[in-house]
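Keeping their order, the protein sequence lines are chains A and B. Counting in the numbering used here, the first sequence runs without a single skipped number right up to 219 at its last residue. Counting in the numbering used here, the second sequence runs without a single skipped number right up to 455 at its last residue.
No lab work stands behind these hints, which were simulated from the structure alone. Here a beta-carbon is modelled for each residue, glycine too, at the ideal position from N, C-alpha and C. Worth double-checking, as some hints may not be accurate.
Rough simulated footprint, nothing fancy, chain B against chain A, three-plus residues with beta-carbon under 8 Å [said to hold, decoys possible]:
1) 82-88
2) 150-162
In silico EDC-like cross-links for lysine to aspartate or glutamate, where the CA-CA straight-line distance does not exceed 16 Å [claimed, not checked]:
3) Lys-317/B x Asp-92/A
4) Lys-356/B x Asp-135/A
5) Lys-17/A x Glu-259/B
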Amino acid sequence: MRILVVEDDTNLNRQIKEALTEAGYAVDVAFDGEEGHFLGDSEPYDAIVLDIGLPQMDGLSVLEEWRRAGKTTPVLLLTARDRWSDKVQGIDAGADDYVAKPFHMEEVLARIRALVRRAAGHASNEIVCGPVRLDARAGKVTVDGQTVKLTSHELRLLSYLMHHKGKVISRTELTEHLYDQDFDRDSNTIEVFVGRLRKKLPEDCIQTVRGLGYQMVDI
Amino acid sequence: MQKGSIAVRLFWLSAGWLVVALIATGFLLTELYSRALDTSLTETLEFHVESLAGALLEAGDPYAEGVGLPDPRFDRPRSGWYWMIRGEDGELYNLSTSVVGIDLPEISEPADAFGMRSSILEDAFGTQLRAVEREVTVGGESYRITVTGSLSEILRLADQFRGQAFIVLGAVGAMLAIMSAIVARFAMRPIGRLREAIEQVREGDSVSVEGKFPREIAPLAEEVNELLRSNTQIIERARNQVGNLAHGLKTPIAVLRNEAQARNGPLSRIVLGETDKMSSMVSTYLERARLAARTSIVGKKSDAGAIMLRLTRVMRKIHPEVTIAFEKPDASLPWFRGDEADLEEMAGNLLDNACKWSEGRVEVHLSAERADGGTMLSIRIEDDGPGLTENEAEKVLRRGVRLDEKTPGSGLGLDIVKELVDVYGGNLNLKRSALGGLLAELRLPTARLGGTART
Numbered sequence: 001m002r003i004l005v006v007e008d009d010t011n012l013n014r015q016i017k018e019a020l021t022e023a024g025y026a027v028d029v030a031f032d033g034e035e036g037h038f039l040g041d042s043e044p045y046d047a048i049v050l051d052i053g054l055p056q057m058d059g060l061s062v063l064e065e066w067r068r069a070g071k072t073t074p075v076l077l078l079t080a081r082d083r084w085s086d087k088v089q090g091i092d093a094g095a096d097d098y099v100a101k102p103f104h105m106e107e108v109l110a111r112i113r114a115l116v117r118r119a120a121g122h123a124s125n126e127i128v129c130g131p132v133r134l135d136a137r138a139g140k141v142t143v144d145g146q147t148v149k150l151t152s153h154e155l156r157l158l159s160y161l162m163h164h165k166g167k168v169i170s171r172t173e174l175t176e177h178l179y180d181q182d183f184d185r186d187s188n189t190i191e192v193f194v195g196r197l198r199k200k201l202p203e204d205c206i207q208t209v210r211g212l213g214y215q216m217v218d219i
Numbered sequence: 001m002q003k004g005s006i007a008v009r010l011f012w013l014s015a016g017w018l019v020v021a022l023i024a025t026g027f028l029l030t031e032l033y034s035r036a037l038d039t040s041l042t043e044t045l046e047f048h049v050e051s052l053a054g055a056l057l058e059a060g061d062p063y064a065e066g067v068g069l070p071d072p073r074f075d076r077p078r079s080g081w082y083w084m085i086r087g088e089d090g091e092l093y094n095l096s097t098s099v100v101g102i103d104l105p106e107i108s109e110p111a112d113a114f115g116m117r118s119s120i121l122e123d124a125f126g127t128q129l130r131a132v133e134r135e136v137t138v139g140g141e142s143y144r145i146t147v148t149g150s151l152s153e154i155l156r157l158a159d160q161f162r163g164q165a166f167i168v169l170g171a172v173g174a175m176l177a178i179m180s181a182i183v184a185r186f187a188m189r190p191i192g193r194l195r196e197a198i199e200q201v202r203e204g205d206s207v208s209v210e211g212k213f214p215r216e217i218a219p220l221a222e223e224v225n226e227l228l229r230s231n232t233q234i235i236e237r238a239r240n241q242v243g244n245l246a247h248g249l250k251t252p253i254a255v256l257r258n259e260a261q262a263r264n265g266p267l268s269r270i271v272l273g274e275t276d277k278m279s280s281m282v283s284t285y286l287e288r289a290r291l292a293a294r295t296s297i298v299g300k301k302s303d304a305g306a307i308m309l310r311l312t313r314v315m316r317k318i319h320p321e322v323t324i325a326f327e328k329p330d331a332s333l334p335w336f337r338g339d340e341a342d343l344e345e346m347a348g349n350l351l352d353n354a355c356k357w358s359e360g361r362v363e364v365h366l367s368a369e370r371a372d373g374g375t376m377l378s379i380r381i382e383d384d385g386p387g388l389t390e391n392e393a394e395k396v397l398r399r400g401v402r403l404d405e406k407t408p409g410s411g412l413g414l415d416i417v418k419e420l421v422d423v424y425g426g427n428l429n430l431k432r433s434a435l436g437g438l439l440a441e442l443r444l445p446t447a448r449l450g451g452t453a454r455t
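Between the sequences and the hints, there should be enough to build the whole structure, so can you do that?
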């Protein structure tokens, strides 16, 4: 999952980025409204953390621009203004959720998790695909009740596939959603990680659709 | 504060001058009238003097038969109409039959161009007399001819005239007084209208003083509007500054807290503890500042139905797993007398709490309730969550108590609701809902005119 963080306070920006990275997300950052707007407009993010008070272009305008352009990426608003009238304004501008500063980092993580899962159409934090169970909150994977140890890269890959289970996911899409913009996209890492994942999961769990990509299916 | 009435003052001022002017007019008219009578009397007397003088000159003897005046008033004793012919030394030669038992003093006034002397005398019976006298020389003998007429008669006539004049003038005065009372009242009418317009602003039916006013009080209405505008501006600015301060303080607090959370050790524990305190203090006092800036707001009213519709739409997005039942009320529902953002704050917090605790079902009802203090707006928000016991509800309604730290939210939400409810003079009840969970009942004052009044 790839997340964009738009926040002008460099410290807070770094903290959110670190927390999200640690939780297994690929994270891009922007420090002002224009940069944020450009990134959100051009890159396929799974969720966006957006501060309202931004230099160059305020957060609500950025959000309205995205929505006008037809972007449906879930957006979590971040702001010190915690009155309901502000929240209503934010949600009406197209935000999906709202966190008031100062916040607990876990709250931001929980909200992002919920937004990503809701966008993919899952009602709970546990996603099941045959014998494979993913606990998105704890970042744990079990097969027939047995915990499977995964590296963070493997977990990211599996998590994306499970969130979109049943759908065919191209390699490009995977690269776009699993790595931040500074990642070298020419490498064959995706194939390598899919190979490693297959070894740890039941057979045929991840299928290759020739010429199109990968697909996770119930077996 | 109150000091008399302008209308009454106007009335007395005009009526006072009116009374003085009318009385003066009365006296002046009487004076002119009596003077005119006096002048005509003097002329008559002068004519009589001339007749007597002519008769005397013709007869050459004061005792002669022809010397006398035909006017019968000179034959009636004590009539005040007398004539007499005296010698140079005061010796009496002839007199009218009306002169009985009186002796007229001589007139000492200087003679006019025609040799006439005129004076006011009094006879022995107290009758005021106008006397005219002239000297005539006949055959080397000098005579003084004196004729008098009753002045009391004239004074009586003047008195009569004065009485009638005052009756007429009194009637005129009464009519003018009634008119000036009507005028005073009419002149005050725009002030009454201005008062009503200002009252409408206070009631929240209007945002500014509207209507056309006469030149004298139009500036007053303008000033009131200016005052309202600057008041709103001050409040707006205070709110903005409070918001800016909030933004300025909350981000550094968030940074400190996150930084401390990422590390372990005594320093991070202290930073966490203190930033927690800072953050709750910032929130509490910012909210207080907002409340203080809010209390002086006049003339605001908001459509509760539209606000609840917006809030439920927002809540459905934030809490997609919860079904929120809300039927938009009809247009006859009275409006909330207060700020839209404040109503949103109260209802938003209650609704958000209900969604957080519910098992998937929340209901919102809006209605108008008749109470002794007038119509109140009732907002009922209920959920199917665990609810609160009576004891817990009582505790929660006390300040700053949080029942569960695990459910996200600072616990400040309900405090804000309580403070706002107090500011607006409403009330908040927490009960057991028929759905099984909590029923939060918010009662708020309504604007005098409902939504139907202005479409």
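The hints, checked one at a time:
no. : hint                  : result
1   : 82-88                 : holds (count 6)
2   : 150-162               : violated (count 0)
3   : Lys-317/B x Asp-92/A  : 10 Å, holds
4   : Lys-356/B x Asp-135/A : 22 Å, violated
5   : Lys-17/A x Glu-259/B  : 12 Å, holds
Checked against the numbered hints above, the structure violates hints 2 and 4; every other hint is satisfied.
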